[in-house]
Amino acid sequence: APRGKKGGHKGRARQYTSPEEIDAQLQAEKQKAREEEEEQEEGGSGASGEPKKKEKSLDSDESEEEEGEDYQPKHKGVEGMIDIENPNRAVQTAKKVTQLDLESPRELSRRER
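Residue numbering for the sequence shown is 3 to 115, as defined by my numbering.
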(Lines of atoms letter the chains of each structure in order from A; the text may use other names.)
(Lines give C-alpha, C1' and ligand atoms only; values in the text may rest on other atoms or scores of the structure.)
Protein backbone atom coordinates (compact mmCIF):
# COMPACT_ATOMS: atom_id res chain seq x y z
CA ALA A 3 0.00 0.00 0.00
CA PRO A 4 1.34 3.42 -0.89
CA ARG A 5 2.27 5.67 1.97
CA GLY A 6 2.07 9.42 2.18
CA LYS A 7 -0.59 12.02 1.67
CA LYS A 8 -1.50 11.43 -1.95
CA GLY A 9 -1.75 8.13 -3.79
CA GLY A 10 0.92 7.12 -6.28
CA HIS A 11 0.63 6.55 -10.03
CA LYS A 12 1.10 9.97 -11.53
CA GLY A 13 -0.77 10.85 -14.69
CA ARG A 14 -3.53 8.32 -14.23
CA ALA A 15 -7.07 9.30 -15.08
CA ARG A 16 -9.13 10.06 -11.98
CA GLN A 17 -11.96 7.72 -11.12
CA TYR A 18 -15.09 9.32 -9.80
CA THR A 19 -17.76 7.31 -8.06
CA SER A 20 -21.21 8.00 -9.43
CA PRO A 21 -23.75 9.34 -6.90
CA GLU A 22 -25.96 6.31 -7.54
CA GLU A 23 -23.10 3.99 -6.63
CA ILE A 24 -22.36 5.91 -3.42
CA ASP A 25 -26.05 5.69 -2.54
CA ALA A 26 -26.07 1.94 -3.18
CA GLN A 27 -23.02 1.46 -0.95
CA LEU A 28 -24.61 3.44 1.87
CA GLN A 29 -27.79 1.37 1.60
CA ALA A 30 -25.75 -1.86 1.72
CA GLU A 31 -23.84 -0.69 4.81
CA LYS A 32 -27.05 0.31 6.62
CA GLN A 33 -28.61 -3.07 5.75
CA LYS A 34 -25.55 -4.92 7.06
CA ALA A 35 -25.61 -2.91 10.31
CA ARG A 36 -29.31 -3.69 10.81
CA GLU A 37 -28.73 -7.41 10.25
CA GLU A 38 -25.83 -7.47 12.72
CA GLU A 39 -28.00 -5.78 15.37
CA GLU A 40 -30.77 -8.34 14.81
CA GLU A 41 -28.31 -11.23 15.11
CA GLN A 42 -27.00 -9.85 18.41
CA GLU A 43 -30.54 -9.52 19.79
CA GLU A 44 -31.42 -13.10 18.82
CA GLY A 45 -28.40 -14.49 20.62
CA GLY A 46 -26.97 -16.36 17.63
CA SER A 47 -29.61 -18.91 16.67
CA GLY A 48 -27.87 -20.60 13.74
CA ALA A 49 -30.87 -21.52 11.56
CA SER A 50 -32.32 -18.02 11.22
CA GLY A 51 -28.95 -16.24 11.09
CA GLU A 52 -27.56 -17.89 7.97
CA PRO A 53 -30.20 -17.14 5.30
CA LYS A 54 -29.77 -13.42 6.00
CA LYS A 55 -26.08 -13.63 5.20
CA LYS A 56 -26.85 -15.47 1.96
CA GLU A 57 -29.37 -12.79 0.95
CA LYS A 58 -26.80 -10.10 1.67
CA SER A 59 -24.18 -11.79 -0.48
CA LEU A 60 -26.67 -12.04 -3.35
CA ASP A 61 -27.41 -8.32 -3.08
CA SER A 62 -23.74 -7.36 -2.98
CA ASP A 63 -22.85 -9.50 -6.02
CA GLU A 64 -24.80 -7.19 -8.30
CA SER A 65 -23.02 -4.03 -7.13
CA GLU A 66 -19.52 -5.55 -6.83
CA GLU A 67 -19.01 -5.50 -10.59
CA GLU A 68 -18.54 -1.73 -10.73
CA GLU A 69 -17.29 -1.12 -7.18
CA GLY A 70 -13.62 -2.17 -6.88
CA GLU A 71 -11.36 0.75 -6.00
CA ASP A 72 -8.31 -0.37 -8.00
CA TYR A 73 -10.42 -1.61 -10.91
CA GLN A 74 -9.49 0.16 -14.18
CA PRO A 75 -12.18 -0.30 -16.83
CA LYS A 76 -10.11 0.98 -19.79
CA HIS A 77 -6.36 1.43 -20.21
CA LYS A 78 -4.89 3.69 -22.85
CA GLY A 79 -2.34 1.95 -25.02
CA VAL A 80 0.07 -0.41 -23.33
CA GLU A 81 -0.32 0.89 -19.75
CA GLY A 82 -2.57 -2.00 -18.74
CA MET A 83 -0.01 -4.64 -19.65
CA ILE A 84 2.93 -3.07 -17.82
CA ASP A 85 3.11 -2.81 -14.05
CA ILE A 86 6.22 -0.83 -13.19
CA GLU A 87 7.92 -1.30 -9.85
CA ASN A 88 10.14 1.60 -8.91
CA PRO A 89 13.51 0.23 -7.73
CA ASN A 90 14.10 3.41 -5.73
CA ARG A 91 10.98 2.68 -3.70
CA ALA A 92 11.86 -0.88 -2.72
CA VAL A 93 9.63 -2.08 0.11
CA GLN A 94 11.28 -3.99 2.95
CA THR A 95 9.61 -7.33 3.51
CA ALA A 96 9.41 -8.34 7.16
CA LYS A 97 11.00 -11.70 7.87
CA LYS A 98 9.47 -14.22 10.22
CA VAL A 99 11.50 -15.17 13.27
CA THR A 100 11.72 -18.74 11.97
CA GLN A 101 13.36 -17.55 8.75
CA LEU A 102 16.08 -15.48 10.42
CA ASP A 103 19.35 -17.34 10.81
CA LEU A 104 21.50 -15.78 13.52
CA GLU A 105 24.51 -18.04 12.79
CA SER A 106 25.30 -16.57 9.35
CA PRO A 107 27.62 -13.54 9.29
CA ARG A 108 25.66 -10.32 8.89
CA GLU A 109 25.98 -8.44 5.62
CA LEU A 110 28.32 -5.45 5.70
CA SER A 111 26.94 -2.00 5.05
CA ARG A 112 28.33 -0.06 2.09
CA ARG A 113 30.57 1.98 4.36
CA GLU A 114 31.96 -1.12 6.09
CA ARG A 115 32.78 -2.75 2.73
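Derived by calculation from the structure, the hints in this document are not laboratory data. If you're wondering where the values come from, they're calculated on a predicted model, not measured in any experiment. By construction, the Cβ of each residue, glycine as well, lies at the ideal position given by its N, Cα and C atoms. Treat each hint with caution, since some may be false.
With a straight-line cut-off of 25 Å between C-alpha atoms, the simulated SDA-like cross-links for lysine to any residue are [said to hold, decoys possible]:
#, residue 1, residue 2
1, K97, E81
2, K7, P89
3, K12, D85
4, K97, R108
5, K97, I84
6, K34, P21
7, K12, M83
8, K12, S111
9, K32, G13
10, K98, I84
11, K97, M83
12, K98, R108
13, K97, E114
14, K34, E23
15, K32, E22
16, K7, R108
17, K97, E109
18, K34, K12
19, K7, Q101
20, K12, K98
21, K7, I86
22, K7, T95
23, K7, S20
24, K12, E105
25, K34, R16
Simulated restraints, written as ranges between beta carbons of each label pair [stated by the list, open to error]:
#, residue 1, residue 2, range
26, Q33, V99, 39 to 47 Å
27, S20, Q101, 17 to 25 Å
28, E114, K32, 56 to 64 Å
29, T19, V93, 23 to 31 Å
30, M83, Q42, 32 to 40 Å
Quick rundown of the hints versus the structure:
In summary, the hint linking K97 to E81 is not supported, as the alpha carbons are separated by about 32 Å, beyond the 25 Å threshold. About 21 Å separates the Cα atoms of K7 and P89, which keeps this hinted pair within 25 Å; it holds. Between the alpha carbons of K12 and D85 the distance comes to roughly 13 Å, so the proposed pair stays at or under 25 Å and holds. The straight-line distance between the Cα atoms of K97 and R108 is roughly 15 Å, inside the 25 Å bound, and the hint therefore holds.
A distance of roughly 28 Å separates the Cα atoms of K97 and I84; the hinted pair therefore is violated under the 25 Å criterion. Between K34 and P21 the alpha-carbon distance is near 20 Å, which keeps this suggested pair within the 25 Å criterion. For a cut-off of 25 Å, the pair hint linking K12 to M83 stands: about 17 Å separates their Cα positions. Among the hinted pairs, K12 with S111 is inconsistent with the structure: their alpha-carbon atoms are about 33 Å apart, more than 25 Å.
As the CA atoms of K32 and G13 are separated by approximately 35 Å, the hinted pair breaks the 25 Å bound. Of the pairs offered as hints, the one joining K98 and I84 is violated, with about 31 Å between alpha carbons and a cut-off of 25 Å exceeded. The straight-line distance between the Cα atoms of K97 and M83 is roughly 30 Å, outside the 25 Å bound, and the hint therefore fails. Restraint check for K98 and R108: satisfied, since their Cα atoms lie roughly 17 Å apart, inside the 25 Å limit.
As the CA atoms of K97 and E114 are separated by approximately 24 Å, the hinted pair is consistent with the 25 Å bound. Between K34 and E23 the CA atoms are separated by roughly 17 Å; this keeps the pair inside 25 Å, and the hint holds. For the given pair, K32 sits about 15 Å from E22 by alpha-carbon distance, which is consistent with the 25 Å threshold. Our distance criterion of 25 Å between C-alpha atoms is broken by K7 and R108, whose separation comes to about 35 Å.
Between K97 and E109 the CA atoms are separated by roughly 15 Å; this keeps the pair inside 25 Å, and the hint holds. About 36 Å separates the Cα atoms of K34 and K12, which puts this hinted pair outside 25 Å; it is violated. A distance of roughly 33 Å separates the Cα atoms of K7 and Q101; the hinted pair therefore is violated under the 25 Å criterion. Our distance criterion of 25 Å between C-alpha atoms is broken by K12 and K98, whose separation comes to about 34 Å.
Note on K7 and I86: the hinted pairing holds, with a Cα-Cα distance of about 21 Å set against a maximum of 25 Å. A distance of roughly 22 Å separates the Cα atoms of K7 and T95; the hinted pair therefore holds under the 25 Å criterion. The suggested pairing of K7 with S20 holds, with an alpha-carbon distance near 24 Å, which does not exceed 25 Å. Distance restraint check for K12 and E105: the Cα-Cα separation of roughly 44 Å exceeds the 25 Å cut-off, and the hinted pair is therefore not satisfied.
Restraint check: the Cα-Cα separation between K34 and R16 comes to about 29 Å, which exceeds 25 Å; the hinted pair is violated. The beta-carbon spacing between Q33 and V99, approximately 43 Å, falls within the hinted interval of 39 to 47 Å. About 46 Å separates the C-beta atoms of S20 and Q101, a value inconsistent with the hinted range of 17 to 25 Å. E114 and K32 have their C-beta atoms about 59 Å apart, which keeps the hinted 56 to 64 Å range intact.
Taking 23 to 31 Å as the suggested C-beta distance range, the pair T19 and V93 conforms, at roughly 28 Å. At about 48 Å, the CB distance of M83 to Q42 disagrees with the hint of 32 to 40 Å.
When held up to the earlier numbered hints, the structure conflicts with 1, 5, 8, 9, 10, 11, 16, 18, 19, 20, 24, 25, 27 and 30 and fits the remainder.
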